[in-house]
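Student: Using the hints, position chain B against chain A.
2 protein chains.
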Amino acid sequence: MLKCVVLLAIVQLTLTKGQPHHSRNETNMSLQRLTALRALMAAQPTALAAYIVPTADAHNSEYIAPADGRREWLSGFTGSAGTAVVTTDRALVWTDGRYYTQFQKEADLALWTLMKQSLPDTLSMEKWLVKNLVEGSVVGADPHTMTRDEWTPLQTALSKANMQLIAIPRNLVDEARVQLNEPPPPRPHNPLLPLSVKYTGKTAEQKIEELRSKMVEKKAAALVITALDEVAYTLNLRGSDIDYNPVFFSYLVLTANTADLFWGNGVLTDEIKGHLKWEGVEITGRPYEDVVGHLVAMARELSESGDCAKSVWLSSDASEAIHRAAAGGDSIKKPLCLISEVSPVALAKLIKNDVELLGFRNCHVRDGIAVSRLLRWLHVQLDSGATVTEPQASDKLLEFRKEEADFMGPSFETIAGAGANGAIIHYTPSKDSPTVIKRDDMFLLDSGGQYKDGTTDITRTRHMSNNPTAAQKDAFTRVLKGQIAVGSALFPQGVKGNVLDSFARKALWDVGLDYAHGTGHGVGHFLNVHEGPAGVSWRPYPHDPGLQPQQILSNEPGYYKVGEYGIRHEDLVETINVTKDSDHPRAQHLVGDYDGRGVLGFSTLTLVPQQRACIDVNLLDDFELAYLNAYHKRVLDTLGPILEARGLADDAAWLTAECAPIARG
Amino acid sequence: MLKCVVLLAIVQLTLTKGQPHHSRNETNMSLQRLTALRALMAAQPTALAAYIVPTADAHNSEYIAPADGRREWLSGFTGSAGTAVVTTDRALVWTDGRYYTQFQKEADLALWTLMKQSLPDTLSMEKWLVKNLVEGSVVGADPHTMTRDEWTPLQTALSKANMQLIAIPRNLVDEARVQLNEPPPPRPHNPLLPLSVKYTGKTAEQKIEELRSKMVEKKAAALVITALDEVAYTLNLRGSDIDYNPVFFSYLVLTANTADLFWGNGVLTDEIKGHLKWEGVEITGRPYEDVVGHLVAMARELSESGDCAKSVWLSSDASEAIHRAAAGGDSIKKPLCLISEVSPVALAKLIKNDVELLGFRNCHVRDGIAVSRLLRWLHVQLDSGATVTEPQASDKLLEFRKEEADFMGPSFETIAGAGANGAIIHYTPSKDSPTVIKRDDMFLLDSGGQYKDGTTDITRTRHMSNNPTAAQKDAFTRVLKGQIAVGSALFPQGVKGNVLDSFARKALWDVGLDYAHGTGHGVGHFLNVHEGPAGVSWRPYPHDPGLQPQQILSNEPGYYKVGEYGIRHEDLVETINVTKDSDHPRAQHLVGDYDGRGVLGFSTLTLVPQQRACIDVNLLDDFELAYLNAYHKRVLDTLGPILEARGLADDAAWLTAECAPIARG
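Chains as they are written, first to last, in our numbering: chain A, 1 to 665; chain B, 1 to 665.
So that you can see chain A by itself, here it is in the shape it has in the complex (with noise of 0.2 Å):
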């Protein structure tokens, strides 16, 4: 799945549908809303000139569970990016080229205006603030909705303009929703779920042993962990908190000898006592709630030795709120020092231990296997004259995999786009009107499993009748190289991720074409399918420390045709050391070793073929054919004798045929 930065092409992608219209029912219940919110910023201590409702949760998470769909019920726009402001007379949102189309349908017009975030022209929310409220405006914000490294650039930029950015406390639209007897659903804290080190590979004691011994380093007398996929992590814990993320709405503070979890009401069941334990950790439980105040009362107490020597480590995509807390808050005259960069346990999780690795391999073969029998479930249905539904398809795809061993639930929502669906980016199938997948389509199936061993993402596309046109079978072709031309690099242990990018566009670049997202994106083990700090764009990741052994990735170059087709082809490949003896298709060539740097290169985890019929063979140079030969063979040799075993000699048939040696015409 990838994880999307949205150029202005995309603008046009989602363009085609007309401007709805919104019933005087819903226009009320629009107003309704902003204008309880207005009462309450007016009502404040110091009057609000401006709101600020961003979409992201107090952990600044990808995505976000019904408790934190604020913006989302202020504005009617439901989609996933996107923050509103609120004034006495206007209400805005800003959003990217993603969302224009699904802006227009979904929020009041006559109410909200949209500000299109990848036009060069639209203000900045920041400027437009300064330029539109007069000297002396008051703007509030939700500390707890807002990471520093956002606060911060925002209240310079406003108090250069003699305005002012204040945290409120209690969250307005939060209140709004209960006095208007629309209470957001409560905050889940569902049951947690230990996985055994069998999985892990490492027990909770021994990696907080080692950020412990960072601390030590970085003479922090607290590290605090603020991402829920950073608690889990290091807790050996996952939750069912937000769809698709196996996470748990927590906080996890970290001293020289105590860890206290913010979680529920505090009280952990027997069984994860015993799971802690047995991790060898011993976890204050505390209620979720009390973290601000646990964090200002740890800080007045570090405080009292009155130097930076007890310092306060947390990542700068900690709220604002957790920040002010860490501080000290108003309780203590001068605020404590913070370390306030890259989160340490990001940096941890980012490199998989071999006991994730391992996981992710096989858990790659049983995903491969339910992929694979949906094609060929696919094709069979639309050769026999079936009706499929891209719903449908995801659906027996959901199947597939919960035949698969430790299989958990999808990774993310699946993408199944047929035909000009499959060009519309971040597309969902709608299951109200349901869009049969037909067998001229080219069909674009991105799709990933949570497994108890590890995360999948993969993509394949494919044309239903083996029929593409020149022209499909051209970008197919050169999506194709570009994939190969990733997973065969060879560069110098320590880049960034940032310079294989263009590796993955050459062969669109030369005759014109691209696609409007990065290459690769870091995958959580069991864990977000979106992880950072590294990933392969053209747009740097800042906090990529660089490339190094044992890290995930995907790789997955595309092309979209507006309105006709999409095309992309998804790998997860791990990063590996390659010297001469490596099994890596480059290895016997290697003269160097970029002067003792180290040579990096990628294994690939995903088996499931390419589709031959659209692959111009012509296209292909010598190597890249043979690459693609090796894993189809890789594929097969992998698959094949479990279809077998299985007996599932349809599909063991079927994929022979698919991974067979492809010869030049």
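Check the hints yourself; a few may be wrong.
If several chains are the same, the list does not tell them apart, and a pair holds so long as it fits within one copy or across any two.
Below, computed lysine-lysine pairings styled on DSS-like, alpha-carbon distance capped at 27 Å [claimed, not checked]:
1) 506 - 218
2) 580 - 473
3) 131 - 218
4) 506 - 131
For the record, the hints were derived by calculation from the structure and aren't laboratory data.
Predicted, not measured: the structure shown is a model, and the values here were computed from it.
Tutor: Quick look at chain B alone, frame taken from chain A:
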């Protein structure tokens, strides 16, 4: 000539010679200088705990005049990069891997400590100060010698540690020199050279009009131009105050209706007055030294309006001193608003106009003649058994260039490296103990010319008896493949240059080789051979506005085998729009224009053949071979008739042989 960004690997390059012995006399002199500086530090109103002596001059020039060689005088270390810090009992220089050996030879190691800034464990200057000075310390620096972009973070870091960074109005090193009766050489204010519109393509009036309309857009009351090449560009004047860089010490301050040039004693000659009049601009000459006072007075005047509507615009690379003066210094209560960002002059001169481009193309023809003649001459000499040293080759090249029209001098000090010297990336041939170029040597020649119609910069690498080893041939060809990959690339308009860097490395990376410098730098038009703000490197150029047509860049991959040889192929290229009808090897295959963004490619300006004996044709694919042959045909078709017309039959015959089509074995 490459713009060096140095990796760790380079550290080893120059660590070959022993550590020299410092005489008692030298030590005494070095100590005397430090002692004089320390006395001045102690005599400040608040005694300084440390004083910073950067390399830069007041204009952030890459190369400096002897008048600005302060760090060099103080430390004895003559490298082109490095910052000295002197405390009451320590003296240190931070510099990069190019200069470790040189530092150890030149500086008195009993007094000076080398801080190897390329090593990850070396504390930065900022961190060293914070760690080694006591709380409350005051650090001083001449605010003319640091840009605001350097000053602000240092100031922030020091004040976080309860220290101060203060601006010392008079340069303490200059004062120490005067006290010790070794005053700095006078700052040159050499005669100015008017450059006719026949070369510049745009009058000073047009250039200033364009800047003024940008000032209106930005609501800037004044624009302060501080970079020397930007003043020269704006006024269509050239100078000779810094070796190889045709610039003159000056500042230019524009308002809506005034233009003040701070230069020399402020008196412009009649010739220059006439030139400026012809150019359509009225310029007030003022003494160079008056700029600070003038800016403060201007700020005072502007501040009377009392709001940000009257702001002053300047480059964030302008010095801290100029920033302070432009904001009004201490003379007004509320400092004036500044717009401190990439200079609009830098962005303007980045895009060459049609006349400049024509000049670039033309001077590259003449430069190609000179370099080709030198290469033949060198082979003839060595073949005949004559002895030629590196400086002799360099001198001979200058002779050939002097025969060409509009030649004004070299654009940088020639790098002529035979054998192992070729692997020293910023090598300068020694005149005292010149190295003889041997027939067994690979010989790397990186040189350039300043012509009235443009600037050249070319590197060619030759095996002097056409008899390279297999490894040399392999590396030579891989570097060439990288150069062709960049030279033939197509890419969307607006991408930053860094996305192209990996193309240049791929053929080397595939076998574990790399080079420790960037791939391309911008080039001025009869101006500095290194020109920002764009470039091609794995490191982003933060102010690169994205590639556009009509830029000039170098394309110079390399490979350096320490202790044996160096290979670099450097061409200058211009960026061009490519459509199906363009003269570009990929034009006919275009099927898109990146969704309207537009297709960019390069056209190579440099016209000198690559040595056929060093090319392993089996490593070239069909496209690369055709590209190379087409290039050689163009070189011969362009230069051959000129050589013939000049009666240089032997040169013409040599070129014909060098440019003959290369066929597969």
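Student: Determine for every hint whether it applies to the structure shown.
Tutor: Hint check results:
Proximity of residue 506 to residue 218 under the C-alpha cut-off of 27 Å is found in neither arrangement, the shortest distances being 43 Å within a copy and 38 Å between copies. When the C-alpha separation of residue 580 and residue 473 is checked against a cutoff of 27 Å, the pair qualifies only between copies, where the shortest distance is 21 Å, while the shortest distance within a copy is 35 Å. When the C-alpha separation of residue 131 and residue 218 is checked against a cutoff of 27 Å, the pair qualifies only between copies, where the shortest distance is 14 Å, while the shortest distance within a copy is 42 Å. For the identical chains of this complex, residue 506 and residue 131 are neighbours neither inside a copy (42 Å) nor across copies (47 Å), given an alpha-carbon limit of 27 Å.
Hint check: violations occur at hints 1, 4; the rest are consistent with the structure.
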